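Asker: For reference, the chains in residue letters:
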Amino acid sequence: MEEILAMKGITKVYPNGIVANKDVDFSVRKGEIHAIMGENGAGKSTLMKILFGMEQPEEGEIYYKGEKVILHSPNTAINYGIGMVHQHFMLVPSLTVAENMVLGVEPKKSSVLFDFEKAVQMTEEVSQKYNLAIDPKAIVEDLAVGKKQKLEILKALLRGAEVLILDEPTAVLTPQETKELFEELINLKNQGFTIIFISHKLKEIKQITDRLTILRNGRSMGIHETKAISEQEISRLMVGRDVVLKVDKQPATPGDVVIETKGLSYHDATGKPVVNQMSFRVRKGEIMGIAGVEGNGQGELVELITGLKKPSVGDIFIGGVPVKDLTVKEIRNLKTSHIPEDRMVYGVAAEGTIGENLISDRFDHPKYNGKLLQKVKSLISRSEELIKDYKVKCDGHTQQVNMLSGGNIQKVVVAREFSSDPKLIVADQPTRGIDVGSTEFIRRKLVELRDEGTAVLLVSADLNEVLELSDSLMVMYGGEIAAYFEDASQVDEMELGMYMLGLKTMEQHEMGGATGE
Amino acid sequence: MNKRVLFETIRTLVAIGVALLLALIIIFSVSDEPGYALERFLLGPVTNLRNFGNVLEMAIPLIFTGLAISVMFMAKQFNLGAEGGFFFGAVGATALVLTFNLPPVILPVAAIIVGALAGGLGSALPAVLKARMGASELVSSLMMNFILFWLGLFIINNYFRDAMAGAMASHRFPDAAKLTRILPGTRLHFGIFIALAMVVVVYLFLYRSRWGYALRMVGLNIRFAEYSGINTKSVILYSQIIGGMIAGMGGTVELLGMYPRFTWFQLPGYGWDGVIVAIMARNNPLLVPVFAFFLAYLRIGADIMARVTDVPSEVVAIIQGVMIMLVTAERLLAGWRHRMVVKEKMKAAEAAEVEGGGVQHG
Chain R
1 MEEILAMKGI TKVYPNGIVA NKDVDFSVRK GEIHAIMGEN GAGKSTLMKI
51 LFGMEQPEEG EIYYKGEKVI LHSPNTAINY GIGMVHQHFM LVPSLTVAEN
101 MVLGVEPKKS SVLFDFEKAV QMTEEVSQKY NLAIDPKAIV EDLAVGKKQK
151 LEILKALLRG AEVLILDEPT AVLTPQETKE LFEELINLKN QGFTIIFISH
201 KLKEIKQITD RLTILRNGRS MGIHETKAIS EQEISRLMVG RDVVLKVDKQ
251 PATPGDVVIE TKGLSYHDAT GKPVVNQMSF RVRKGEIMGI AGVEGNGQGE
301 LVELITGLKK PSVGDIFIGG VPVKDLTVKE IRNLKTSHIP EDRMVYGVAA
351 EGTIGENLIS DRFDHPKYNG KLLQKVKSLI SRSEELIKDY KVKCDGHTQQ
401 VNMLSGGNIQ KVVVAREFSS DPKLIVADQP TRGIDVGSTE FIRRKLVELR
451 DEGTAVLLVS ADLNEVLELS DSLMVMYGGE IAAYFEDASQ VDEMELGMYM
501 LGLKTMEQHE MGGATGE
Chain C
1 MNKRVLFETI RTLVAIGVAL LLALIIIFSV SDEPGYALER FLLGPVTNLR
51 NFGNVLEMAI PLIFTGLAIS VMFMAKQFNL GAEGGFFFGA VGATALVLTF
101 NLPPVILPVA AIIVGALAGG LGSALPAVLK ARMGASELVS SLMMNFILFW
151 LGLFIINNYF RDAMAGAMAS HRFPDAAKLT RILPGTRLHF GIFIALAMVV
201 VVYLFLYRSR WGYALRMVGL NIRFAEYSGI NTKSVILYSQ IIGGMIAGMG
251 GTVELLGMYP RFTWFQLPGY GWDGVIVAIM ARNNPLLVPV FAFFLAYLRI
301 GADIMARVTD VPSEVVAIIQ GVMIMLVTAE RLLAGWRHRM VVKEKMKAAE
351 AAEVEGGGVQ HG
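Those sequence lines, one after another, are chains R and C. Mapping to full-length UniProt numbering: the first sequence position 34 is 34, numbers consecutive. Mapping to full-length UniProt numbering: the second sequence position 104 is 104, numbers consecutive.
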């Protein structure tokens, strides 16, 4: 089969300094379903945004049907026949399906007025042609998510797309909707369309793709025939972590309870319980891992504990103190540290200096302050100490944080959070998207702190990490505790998967002492 | 860090250069004697002491409002209330000096304190509305300017008006209230020292105090500040109140330094000029006096040019506009800056790879 599209040596650096793609080669054959796989932050979306003209690469070339093309904007991409369905739909919710369909290419009556009837007719035509049923007169905000997605696909097809890019299309779908989508995609493929499918779900990829490209840390790990590569091989290439990364650790010697939650619940803006009736305990000198597919309430649980969100129902005790009504500062003063899920959003002020970022939790401590002014010298020497102890590779404490690599930015966060003599560390995805060296360093530090008596609550989407580091283990599904294992080393991965996907849930008595009321 | 400073400096110089070039084109196209007009515009302010004194006089209020806006913008609070704060501060000071009979030195000091409080009061309302209800401080502070203006006029007209004066004006200020003139042959007054002292105070506040640190972190990334335990609501409040206070001080100093009585019956405009100064100075208090001087120089130059030639002084408004647009235009020279970032990151990435032991390419 011929290549319809090729990208060669693509490198993309964002203005904030993040290297999203580095020297990536990518190619797609006509009429195939091609997956792009990788962890969050591996550069999948960026690569596709470049292909759709939304971002301009620093280096590299794009060839479409053998010709070199420059994609200045999505419009250029659409004119070449490249369409994209974004993860977050680009629809006007208050308009009808037909109106959304023709947005930007509106049919006109006597070349001035919008011709709604024609728009409906166009929608019906394209929907019949590709066998994607949709009601043209329905209002978009009333549609189910699966239908909205269908509308996005139809929009691209109406604009003459031959290559369709789908950004994590199944992330928002129910299993039934996913099944339907896959049938439609295979149907489109049989009609000669080329589909690029971004996902990190192994099973789906195996099910419908012909070939796959794996990205890790912004770099390509090669193009593979889906049939010829095993799931283990894919996950090894995606995560790249079964290499060594064995952390030497002694058995835990847990002490008193440090954090305890009782019937903890949090309802989102729509009233849906995102965290539901969670009761658990973590003891001194113990790492409790929380495994689970992302978006099952782990993020909210972390924010509840650290005071960024307030629980709807239930209680949290840290060192015996109820913290439900305390501010972030007061909770931090109870010796709680927090490694946030997204370091660029919460973990750092990217435009601040390394020094400024290292002191954000203690800038007002009496130790560093005179009556009016800060003791600049002791703040600087503390920062320099931390940079050295945590091996942050930089030009000095006055360098801007966003000039560092991801791993070093994370080390800045970790240095700050680990150096405040914490009794409890809440670590949310502590090693996501960073290089192996930094990952190993951070994991070892976590174990060291555990050995010194810190309680650690570890949330990670990386199963290897959870299994490697945890002493005890909890699985979250749908905002609830689906399973609890007193001894994480005895857990079978397959069984863990069943709990993570909600196929199995432990009964209260199975979970034993640590989670009950 | 240094590269960034260099970049910003070059960007500012480019903006100024382009704006002056534009001024040149305008002058050459409207004037019959462009050479003379240009010479007056650029060199007029330094041809005699009186003109140069005018530049320094004008820089004083600009320093105050520039600092006021810098403090608020540094916290990413887009409060444009320096105009109202400046005016209302002067009203407060007028009320004080005409009510209390205090000895010299003490009277102006008390006036400045009251002026600062009056200015702070003006910006407190938008600040509270923002912190409590999330109301946009941009809108409420703009509206507040008018409230303060009319409230101020009401106070002056009803309580402090000199019925004997020909125009609407307050009673004359007692001599004890006035700021001393410091340079014979000019109107340059002691206020310049107060302004420069404020530059240092604001710098120390922003870069050396814990409150300034919290303020800057809220400005850089408010979610990071919240996560770190910084009380962001109180920063939203005090950044704007302090900004209003500095503006109020400025109004007082300008009034007591330059005027024998309160005669402002329209907003003096220094609040808006403060926005220009703060933007050019990138909110850096140490650069505020530089750009306040620069703007004052342009204004006085344009005035002199308009007086002796056929070019109207409005030229300077065009120059200002162009400069602000270019300085705030993020995309100006963005390509160059981006290449700089790319180079630096690639170096960092390569270094990390060497350290990672080559496991990256599986």
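No lab work stands behind these hints: they were computed from the structure. Misleading hints may appear alongside valid ones.
[What the hints assert, rightly or not] Computed spacing ranges between beta-carbons, pair by pair:
1) R:Glu59 with C:Val139: 39 to 47 Å
2) C:Ile10 with R:Asp23: 26 to 34 Å
3) R:Leu372 with C:Ala334: 37 to 45 Å
4) R:Val92 with C:Trp336: 45 to 53 Å
5) C:Glu39 with R:Ser73: 32 to 40 Å
6) R:Leu202 with C:Val139: 47 to 55 Å
7) C:His338 with R:Met498: 20 to 28 Å
Only a predicted model underlies this, so the values are computations on that prediction, with no experimental measurement involved. A virtual CB, placed ideally from N, CA and C, is assigned to each residue, including glycine.
Asker: Are any of the numbered hints broken by this structure? If so, which, sorted upward?
Answerer: 4, 5, 7
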